[in-house]
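Trainee: Below are the chains, spelled out letter by letter.
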Amino acid sequence: MIIHHPILGPRDAQEFVYLGDASLIDRPDGMTAGIEAFHDYLYQRSNPAGEHRELWYHEQGDRSWLVVTRNTVTHEITKVELARDVARAKGRSK
Amino acid sequence: MRYSGFRVIAEALTGHNGWKPVWRDPTPQADYDYIIIGGGGHGLATAYYLAKEFGQARIAVLEKGYLGGGNVGRNTTIIRSNYLLDGNEPFYEFSLKLWEGLEQDFNYNAMVSQRGIINLIHTDAQRDAFTRRGNGMIMHGADARLLSRDEVRAMYPWLNFDNARFPIKGALMQPRGGTVRHDAVAWGYARGADMRGVDLIQNCEVTGMRIENGRIRGVETTRGFIGAKKVGVAVAGSSSKVMAHAGMRLPMESHVLQAFVSEGLKPVIEGVMTFGAGHFYVSQSDKGGLVFGGDIDGYNSYAQRGNLPVIEDVAEGGMALMPAIGRVRLLRTWGGIMDMSMDGSPIIDKTGIEGLYFNGGWCYGGFKATPASGWAFAHLLAKDEPHKTATAYRFDRFLKGLMIDEKGQGAQPNLH
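Protein chains in written order, with our numbering: chain Z, 30 to 123; chain D, 137 to 552.
Think of the hints as simulated: they come from the structure by calculation, not from any bench. Do not take every clue at face value.
With beta-carbon atoms standing in for the labels, derived distance ranges [claimed, not checked]: (1) Z/Tyr86 / D/Gly191: 47 to 55 angstroms; (2) D/Ala300 / Z/Tyr70: 39 to 47 angstroms; (3) D/Lys423 / Z/Ser75: 48 to 56 angstroms; (4) D/Met455 / Z/Phe67: 41 to 49 angstroms; (5) Z/Pro57 / D/Asn349: 29 to 37 angstroms; (6) D/Asp260 / Z/Pro39: 40 to 48 angstroms; (7) D/Asp260 / Z/Phe67: 37 to 45 angstroms; (8) Z/Ile31 / D/Pro293: 39 to 47 angstroms; (9) Z/Gly59 / D/Asn349: 30 to 38 angstroms; (10) D/Glu287 / Z/Asp41: 13 to 21 angstroms; (11) D/Ile274 / Z/His33: 51 to 59 angstroms.
Ideal placement from N, C-alpha and C gives every residue a C-beta, glycine not left out.
Excised from the complex, chain Z in its bound form (with noise of 0.2 angstroms):
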């Protein structure tokens, strides 16, 4: 797979470190958040077979985190943002 990442261009995945769906960003607040929460966070997956949006890091290039929307029945890739980007329009700090 060629993950095409937003500043340094085409890419081959084997660069990359996987991680997971993306939702990982969406980290509850560790004061208010109960155990629940936490729970469903840390564990708990939507796994669809279909689009998928997932973080990636650029362990051998610029050690970006991406987020990269791909089909998981096809491996096709869509769309691909910096992670901070993504983070940031949620209105996290960084």
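With the hints as your guide, set chain D onto chain Z.
Mentor: Using the frame of chain Z, we list chain D on its own:
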């Protein structure tokens, strides 16, 4: 029809006219006591044991494609019970004991071959870890032996013992481990279930679940609605898709695992060998092909096919261990979809919906578990309480902090 050596001779003398289809192709009834979703190894074993061991009737198995067309036909056929943790080892040892009596039990030749499995050791730390695991196995009634470097060399003199990075220093062996003809497992269970009145319904995909007041009433399928008192889901690989019909999210991701078989060679590997440090394992089929594999591809996938980088990685592992295979050609590669759970261990449990039961999360270890998985799931379905060897395989173990994490990787499914 009962199979026996006498039967084979009698048929040979009479032109093989007496062989009959091994199971019926029934039309689904309006309702059943039990519906098992998934006509693979685990689903068929569940139906078989429900009928045979737990005396239940009015059972149907619903299969979206054909019987045994999923992971039970895509694995690398290895059986073993070499686990460390208390939540796992009694279950897998129960499974291995069932394998040992399986062919007589369901009167079908599954070619169970206890040719032994060895896990190679490269460092002192690894020897300590494998010694501990072997002791754990023995304490749970399994068999384990620690092999010296010379004992491994006597078995496989042509391995690369002096690899600079991973020199072979010994191995943990389970002599009772081995291989089984995987398709025959599905066929044997299917035949045994059919003979006991189970309806095996193929080309019947579940498209929805009818749930009223927190209780399951039946399933919507491509062949219409089928009512049921109890529904058991055994569709590992597609668990998240099927359980989404009940509004459930699961603690797992689906990943593709590739497997490989080479052209046929003369007998060279008598048992199963794992080279964990090199992400490689291998056995040799009765036809002579080297059957081998390595890691999952590592990203969510429902594609049933993998990518080339993993093929390269597995081939490198094979070459590091066995330089002699350098000119062996690959015959086939294929992929199967794994339920990769959050701690690397399976789930056999009730759900929050009354009458709906779940069996899945087998990661890449589902095949060896087939008999015990079917037995334990049938036990749960029939008695509403877990089998004594499967009490730890609960949904709530993540909430309670009771994970069964053999590798200690944490909630990272692609690392288990």
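Trainee: Which earlier hints turn out false for this structure, listed by number in ascending order?
Mentor: 3 and 10
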